[in-house]
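2 protein chains.
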Amino acid sequence: MTAISQLGEQGLLQLVQAYALPGVVGDDAALLPMPPGESLVVTTDVLVDGTHFSDRTTSGYDAGWRAVAANLSDLAAMGASPLGVTIGLALPLDTPIEWVEDLYQGMAACLGRYHTPLVGGDLCRAPVKTLAITAFGSVQPQGAIARSTAQPGDWIVVSGPHGGSRAGLELLLAGPQAAALPPDPQVQTQLRSAHQRPQPRLDLLPHLQSLQPAGMDSSDGLADAVLQICRASGVGARLHTLPMHPGLASLPEAIAQDWTLYGGEDFELVLCLAPQQAARLLAVQGCQWIGEITPGSEVIWQRPDGECCRLLMEQGFQHFKGDFADRQD
Amino acid sequence: MTAISQLGEQGLLQLVQAYALPGVVGDDAALLPMPPGESLVVTTDVLVDGTHFSDRTTSGYDAGWRAVAANLSDLAAMGASPLGVTIGLALPLDTPIEWVEDLYQGMAACLGRYHTPLVGGDLCRAPVKTLAITAFGSVQPQGAIARSTAQPGDWIVVSGPHGGSRAGLELLLAGPQAAALPPDPQVQTQLRSAHQRPQPRLDLLPHLQSLQPAGMDSSDGLADAVLQICRASGVGARLHTLPMHPGLASLPEAIAQDWTLYGGEDFELVLCLAPQQAARLLAVQGCQWIGEITPGSEVIWQRPDGECCRLLMEQGFQHFKGDFADRQD
Numbered sequence: 001m002t003a004i005s006q007l008g009e010q011g012l013l014q015l016v017q018a019y020a021l022p023g024v025v026g027d028d029a030a031l032l033p034m035p036p037g038e039s040l041v042v043t044t045d046v047l048v049d050g051t052h053f054s055d056r057t058t059s060g061y062d063a064g065w066r067a068v069a070a071n072l073s074d075l076a077a078m079g080a081s082p083l084g085v086t087i088g089l090a091l092p093l094d095t096p097i098e099w100v101e102d103l104y105q106g107m108a109a110c111l112g113r114y115h116t117p118l119v120g121g122d123l124c125r126a127p128v129k130t131l132a133i134t135a136f137g138s139v140q141p142q143g144a145i146a147r148s149t150a151q152p153g154d155w156i157v158v159s160g161p162h163g164g165s166r167a168g169l170e171l172l173l174a175g176p177q178a179a180a181l182p183p184d185p186q187v188q189t190q191l192r193s194a195h196q197r198p199q200p201r202l203d204l205l206p207h208l209q210s211l212q213p214a215g216m217d218s219s220d221g222l223a224d225a226v227l228q229i230c231r232a233s234g235v236g237a238r239l240h241t242l243p244m245h246p247g248l249a250s251l252p253e254a255i256a257q258d259w260t261l262y263g264g265e266d267f268e269l270v271l272c273l274a275p276q277q278a279a280r281l282l283a284v285q286g287c288q289w290i291g292e293i294t295p296g297s298e299v300i301w302q303r304p305d306g307e308c309c310r311l312l313m314e315q316g317f318q319h320f321k322g323d324f325a326d327r328q329d
Numbered sequence: 001m002t003a004i005s006q007l008g009e010q011g012l013l014q015l016v017q018a019y020a021l022p023g024v025v026g027d028d029a030a031l032l033p034m035p036p037g038e039s040l041v042v043t044t045d046v047l048v049d050g051t052h053f054s055d056r057t058t059s060g061y062d063a064g065w066r067a068v069a070a071n072l073s074d075l076a077a078m079g080a081s082p083l084g085v086t087i088g089l090a091l092p093l094d095t096p097i098e099w100v101e102d103l104y105q106g107m108a109a110c111l112g113r114y115h116t117p118l119v120g121g122d123l124c125r126a127p128v129k130t131l132a133i134t135a136f137g138s139v140q141p142q143g144a145i146a147r148s149t150a151q152p153g154d155w156i157v158v159s160g161p162h163g164g165s166r167a168g169l170e171l172l173l174a175g176p177q178a179a180a181l182p183p184d185p186q187v188q189t190q191l192r193s194a195h196q197r198p199q200p201r202l203d204l205l206p207h208l209q210s211l212q213p214a215g216m217d218s219s220d221g222l223a224d225a226v227l228q229i230c231r232a233s234g235v236g237a238r239l240h241t242l243p244m245h246p247g248l249a250s251l252p253e254a255i256a257q258d259w260t261l262y263g264g265e266d267f268e269l270v271l272c273l274a275p276q277q278a279a280r281l282l283a284v285q286g287c288q289w290i291g292e293i294t295p296g297s298e299v300i301w302q303r304p305d306g307e308c309c310r311l312l313m314e315q316g317f318q319h320f321k322g323d324f325a326d327r328q329d
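Chains U and H supply the protein sequences, listed in that same order.
The first sequence lines up with residues 1 to 329 when you count with this note's numbering.
The second sequence lines up with residues 1 to 329 when you count with this note's numbering.
Keep in mind that the hints were calculated from the coordinates and are not lab data.
There's no promise every hint is true.
Said to hold, decoys possible - Calculated Cβ distances over 10 angstroms to all of chain H for the following chain U residues:
#, residue
1, Val42
2, Leu205
3, Ala278
To be verified - According to the in silico footprint, chain H covers these stretches of chain U (three or more CB under 8 angstroms from chain H):
#, segment
4, 46-57
5, 113-122
6, 132-139
C-beta: ideal position from N, C-alpha, C; glycine also.
Whenever a hint applies, use it, and build me the whole structure from the sequences.
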């Protein structure tokens, strides 16, 4: 294991430049063509070792994959196709070179899957590994997805199951519920992968082009997404069915429901659209109806036994995002 | 003095959101119209307390101003007009609220001067104050300034004097040469201000529109800029006169020359263009001819006494920038 201090600054720069789009490195800034008539979409995250990732559950590869996936998911949540990302990396001098290579390989793998170039960045020294990522994309102005346009009567459709990422984390941490999850190695791999290698739902964008849904991604949990949409749109919602990941079926019911609603980091899209348009979306594999938008402001989950639960907001703000909570994943 | 831990996450988010462009906060990403037919330009920096700023010489206000100014200067160096910036901020819990407010006020002051909105960001906890800034702008594709298009016979023009920022730093640090700088308080204020409140040369862009210069900014020093342009263009250069800041005239000659060539952080533009086009640029106040591009690869400063000095590269890479050197400013 060799520290980056032994590689030297030029060596480290050459290492990371190898992952960048050729032709854009060398000027003061990256220059990229824009699709004509489209608007620019920009999102940014700062990830700090010990808060957002840790060697206990996250390799450099997975930290890189997840950082890219989370930002591409923010683009997908706006209906935007990615144009590129920049990476700012602050590292202690004793960081192993292998960790840096692993990080860039994870980022490059996720970027490559979604045909997105790394177009630049910055490297510097810091007491703790810190990763600043900015993703930018483009969208036809009339195709941009907002949180604020849901209307009473809209159906709520999710792009896939929820709770899988939280279950994968439980397996990785060997948490108290790990033994209650299916022993089948294939299912366990699927759950771990849901946590370690989330897939931003950019594949859904072609299906959304003429639908003009309201929506966002479920990175902070399904309940959070429904609550954020309702708050921004001045409406309520009633959920009739939870899109539970099938791998959670063997868990105690209350835990499976909690992880489905509040687990977070599933990076699916939560979309609200008029029923006849929702029906077209439900023809897409994995998409699932979960309820409808209502007048008022109450966000309710109507359980199979008829009891109604009010959903709770765990996090309050987005876009200017904050993360001072004591969370390790 | 109150720590941000007492303000709480929501309070801190509200504090910083007050500086953001209304209307873009609230979705997963910022959505901005693009000027039709223009290309996107993106640049990013990571700044860490103790490496890029320190309480010894830099208030929160100045750290904010300089971070914004450096990134807007990178846009100017590409010929691009700014569209917006995002700010990722990682902070220790004991950071004074006043420092955060000061930082945002400094950023807002510089952004306001250049009519550039803050369009989003991210906040999280870290052991050391870390600021990640991304600036994006737009440019007509044919108006983009590159480093790689300088040609033998081009004149080299700088947009203003050099060495002032380095002299201001000497005053702020009360360094060994501080006593040799002019005692006139107005000059001292001007030098300090050159270091603390640099001005990105976006004002020059209208004058450059039809000129198609090669060039970059002099953030890493005048010598570095000339060397980078020559290396990227496969040419040499001969400087005949140094654009020395008048405040350096009382210094020992060797030091004044060194600061002019290598001081850095003057954030002027260094441009190479055909003589008849350069003549038009020289009509703009502050612009100054310093030499010409030559065949070959030697970058020479021909001193007034006729002696020739070869200029030295201090930093090797740009765009994927690195900063592991032991520099405090």
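A quick look at each hint next to the structure:
1. Look at U:Val42: its CB is around 5 angstroms from the nearest CB on chain H, not clear of 10 angstroms, so calling it non-interface is violated.
2. Its beta-carbon lying about 14 angstroms from the closest one in chain H, U:Leu205 satisfies the requirement of being farther than 10 angstroms from that chain.
3. Under the 10 angstroms C-beta cut-off, the non-interface status given to U:Ala278 relative to chain H holds; the minimum distance is some 21 angstroms.
4. Here the segment 46-57 of chain U counts 5 residues with a CB under 8 angstroms from a CB of chain H, which clears the bar of 3, and the coverage holds.
5. Note: the segment 113-122 of chain U has 4 residues with beta-carbon separation from chain H under 8 angstroms; the three-residue rule is met and the coverage holds.
6. Counting residues of the segment 132-139 of chain U whose CB falls under 8 angstroms from any CB of chain H gives 7; the rule of at least 3 is met.
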